[in-house]
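Construct the entire structure; sequences and hints are all you get.
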Amino acid sequence: MLPAVITLMGLGLLFGAGLAFASRVLAVKRDERVEAIEEVLPGANCGACGFAGCSALSEALVEGEADVQACPVGDSEALARVAEILGQEADLGASRQVAKVRCRGTEDAAETRFSYAGIKDCQAAGAIAGGHKVCEHGCLGMGSCVQACPFDCMYMKDGVPVVVEEDCTGCGNCVEACPRSIIELAAEDQPVFLYCVSTAGPREARQACSNACMGCGLCARTCEQDAIEMQDNLPVFDFDKCNACGACVEACPTDALGQPPVLREAAGSSE
Amino acid sequence: MSVKTFAGGVHPPYYKELSASSQIEDLPAPQQVIIPLIQHIGAPCQPTVEAGDEVAMGEVVGDTDAFVSAPVHASVSGTVKEIGETALPDGRKVQAIIIESDGEDRISGEAALQQQRTLQSMNADDIRDAVRKAGIVGMGGAAFPTHVKYSPPPETDIDTIILNGCECEPFLTCDHRIMLEEADEIVSGLQAIMKACGAERGLIGIEDNKPDAVEAMREAVRDHPYQVEVLETKYPEGAEKQLIDALLGREVPSGGLPLDIGVVVNNVATAVAVSRAVKRAEPLTKRVVTVTGDAVKQPKNVRVRVGAPIRQLLEASGGFSEAPARIISGGPMMGTAIYDLDIPITKGTSGIVALSHQLAADASEEACIRCARCVEACPISLMPLYLAEYDQESALQYNPLDCIECGSCSYVCPSNRQLVQRIRLTKATAQAEQEDSS
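Chains as they are written, first to last, in our numbering: chain A, 20 to 290; chain B, 2 to 439.
Quick caveat, the hints were computed from the structure, so don't treat them as lab data. Glycine is no exception: its CB is placed at the ideal position from the N, C-alpha and C atoms.
When the alpha-carbon atoms are kept at most 30 angstroms apart in a straight line, the in silico BS3-like pairs for lysine-lysine are as follows:
#	chain 1	residue 1	chain 2	residue 2
1	B	K94	B	K428
2	A	K139	B	K94
3	B	K134	B	K94
4	A	K139	B	K428
Per label pair, the in silico range of CB-to-CB distance:
#	chain 1	residue 1	chain 2	residue 2	range
5	A	F258	B	H358	51 to 57 angstroms
6	B	S439	A	Q166	29 to 35 angstroms
7	B	E394	A	P272	42 to 48 angstroms
Only part of the chain A face toward chain B is listed, based on derived beta-carbon distances under 7 angstroms:
#	residue
8	G137
9	Q142
10	A143
Here's what the structure looks like:
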């Protein structure tokens, strides 16, 4: 009994000493800041920064290979913490970028040429006879962007995607996923947004979709600030001139122009 | 009697009895034809006429200098109404010449002049030239310019010509009727093709569900050194690569063409067109199309003008017996559903199939259960389930570009997975990668 106990205790001490020695001498030196930053970052591994994930970005930040604001997903608080850990200054003046869908071709509004019964994938749907909708520019409605969203802040409603802008992190995965390139990142508080990409002429656009921009130019004529110019049957905005009066949105005969949700809410609460 | 075949494939119900016994019926010229400037694989044609021009039947209305292409001809005589746009049966939108018919079918002067020619007086280049001028493309459906098949690179020798009379697509019977009614023309076309390619061996492959066609062709080749081979009735027996494998035991290399192994395969309808082009300088302005399906009142085989609206064919068949669920251009396995009856018949349109809701029911897609039935069915020995994976990165490892999109995998899938559509996405990605790297 006793020899066995002594032998086992001896072995235990020996291995313990070995492990203690190894952990000192063979320790991997890791910058503490890497772990600190990783904890601050969103941890979604969405890849929007261009690195393999949050851990890879943390390392790149510490090694100075990435900009302090490289994470487009993290809110200003998180970016400020990152800057603090790295001992740098972050410029947080810019407004938040969110994904906006430039199409309101809902099931009610957009005309279709045939019914599509294939797989639920926008690229596949677009490959069949140029898509089932009359409009060759707009949303195909199969929800490839919703599937691509790693933050679960998009959903399909009436055949077009809706972005929950307050949850959107602006990672841009949906922008990449859309074969028709109708999703873009824009400032959350951009005073007016054009919800149409159709460059078709008035007649053609109107026949394709009742929410389409027909290129009528009423918005440009209404604007007192001269901030709107028509190009390819679509208005182009100069936000340096725009005073966010909303007259163009009022003037638009279709639903092609709109004010961002944040502004609408602000206006609603002040009334 | 032993029948030849290939590995893989499926046995769909054929429904050929609907139209197999109906003799080819010549339809009159429609009031207006729409001649798409691209009806083939290759470069599009440029219009050679203008709106307002008078054209004779058989006159060239579109041509190009590109080698892999084929000119298009007026299929009626009349006036060019406009140079506009049309959708093709596969949905692509292309430029087209729209001709209003005067109902006289005047034949163009040049074609009338050359009506006396014999094969003996022509060499291989003459035949190739005649085939190109006639605008002949593969009439089985793929519409590959035929003269290109007869122009192998200098180091390649063509030893065998195969005429494809398999007609493995369900429902279609146009090739069957052509073999019964124009067997001699097919053989004379084969003679011309053999001479154009310098080949020694001529084979005609027919599936064993068409014994009358086998008999008719055997009768027609009695005084010729050609063989008529009987093949198992199995889909896709008539796919070029599968037919070569079944008849000769040769495999077309991955990414290669039948030319690489010394073989040219032509559809029997193409052989008829070649014969007419060689003997009478007759351009390809008509073709035989099967109008069939369980939603058509009188299924039949019709000879129509290229550019005739699909509506004309359906009206000639008595219209619909019930509202169709799908109208397909081509066969049900590889054809495409169409949504507009004013889409024109092209040189490659072999059938118009209108299916009832019973036959074309939409099945809901379930998850893959890894049963590997698609692997067994694939005639190319690919693994469709992996090719159709959502993760295209991994799908790219399984040679997507070898897929011939025959649809056997989608047909056998017990989970109703739309495998071919998914594989097409993978193929598009693979194609883009190949172009990037080259």
